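Q: Taken in order, these protein sequences are the chains called H and W.
Under this note's numbering, the letters of the first sequence match residues 192 to 400, in that order.
Under this note's numbering, the letters of the second sequence match residues 673 to 903, in that order.
If you're looking for bench data, these hints aren't it; they were derived computationally from the structure.
With the C-beta cut set under 8 Å, the calculated list includes, among others, these residues of chain W facing chain H:
(1) THR683
(2) ALA691
(3) GLN754
(4) ARG756
Far from chain H by the CB rule (all over 12 Å, computed), these chain W residues:
(5) PHE705
(6) ILE726
(7) LEU735
(8) THR769
(9) ALA785
(10) LEU792
(11) ALA795
(12) GLN799
(13) VAL809
(14) GLY812
(15) GLN859
(16) ILE886
(17) THR890
Treat the numbers as computed from the prediction; the structure is a model and nothing was measured.
Where a beta carbon is used, it is the ideal one built from N, C-alpha and C, also for glycine.
Residues per chain are reported as follows:
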Amino acid sequence: MISNLSFKFRHRRLFNDLSLTAGPGDLWHISGPNGVGKSTFLSVVAGLLNPSSGEITLNLASKQILDRRAHLEYLPAEANGLYLKMDSVQNLRFWSQLRGLKLDDSAIFAALEPWGLNHPLLRDGFPIEKYSTGMKRRLALARLDLSPVPGWLLDEPLYGLDQQAITVFRERLRQHLSRGGFALLISHDLEPFRDLITGAKEISSRGSA
Amino acid sequence: MKATTWSQYLTLVRQGLRAEFVDKERLISPVLFSLTMLVLFAFALGDLDQSLRIRVYLAETFLTALFALQMSFSRLFEPDRQDRVFELLRTYPISYTSLFLAKYSLVLILGSATLIPTMLFGAFLHQSANQQLFSWVVLGIGLLALAGLGALGVLLSALTLKAQARQIIYPLLYFPMTTPVLLAAVQSARLCLDVGLGSPELKSWLGLLAAFDIIYITLGVLLFTELMDES
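Next up, chain H with everything else stripped away, as it sits in the complex:
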């Protein structure tokens, strides 16, 4: 639950009194013009920035969660959080181990499969820096998909994806929501998500939500 969240950068108010409640199965679409603070809003929810006022609370199974980072996955816009000199398996293993998951190779290969990245030539010892933009995004989405957390914070998740990958992502997101997960989404292309969206929040250029 996000209550009366406001954020000021220097003297500029980016958003003001933003409130929303996301429950199991909810997909919230965050919209607004460029530069209005949509990505900043997700950064605040992810814990990267502190809000100027307001609060974010996360309740799971009627218990309030103190460190919400254990229950949220964040996908930034135009970056994927990948070690570019390493291969896809090393990247996925690293991020899942930080969440306490011990995955063998077959589990990682299975996570790469739907994204078309489970080929030995793309997978074993092939540095991510040689991937195309879309392939890097696919790998970042595989990381997200592998994580057992209920909350996904998605900032332009379709960036660089081709039609096939968009279809895969839409299906993985639908499965995530049907398992009781929730997501906050920023995307300028709403078409693939139209029937999944349960709520919308617009951030206006005047700084109020």
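Starting from the known structure of chain H, arrange chain W on it as the hints suggest.
A: Quick look at chain W alone, frame taken from chain H:
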């Protein structure tokens, strides 16, 4: 399922080592830099008097090691800065103490990989038939200095992580703060080689060195979390 601080620490150390090994230039360049410096010093100074050998050996070895280590430390977070990995790390439920200790361990491992060849090569260049310069105790003093410099290196790397003027701020902060550690290390190493282990002054300098190590490591653990929250 939640990862323990220990398992996160191990994961971060492994990933850090992997990041160093896949980019071999990062690993090799500080060692090559220090070996080249030592050769240049040896050529420039020529044959030295017996009395000067120890002092020159210690001065040039510690100076060279300091610059080589500074190169390693300032690039400590470089792999994490790519593709906003560091930001993503901050959104994961990791203990910042484990992150500090992982980076610190990495610095100790990589620093030793620079310091040990530097001290061995420096001793080799300056030793004479009747004077053996390499000493395990001096190497131990070097590693003790590395323990303090490393903690400071991690802390300052984190401090300057977001600074636009990183390359200016880092040395401005690093060099003055390392001076007491280096003075204590050089003095204790000199006493060890000149006078021997029985020197009463040696204990005071070693005590000072250990005290700085403890201060910097404690400050590192305490301040790192604050720095991470701020960055």
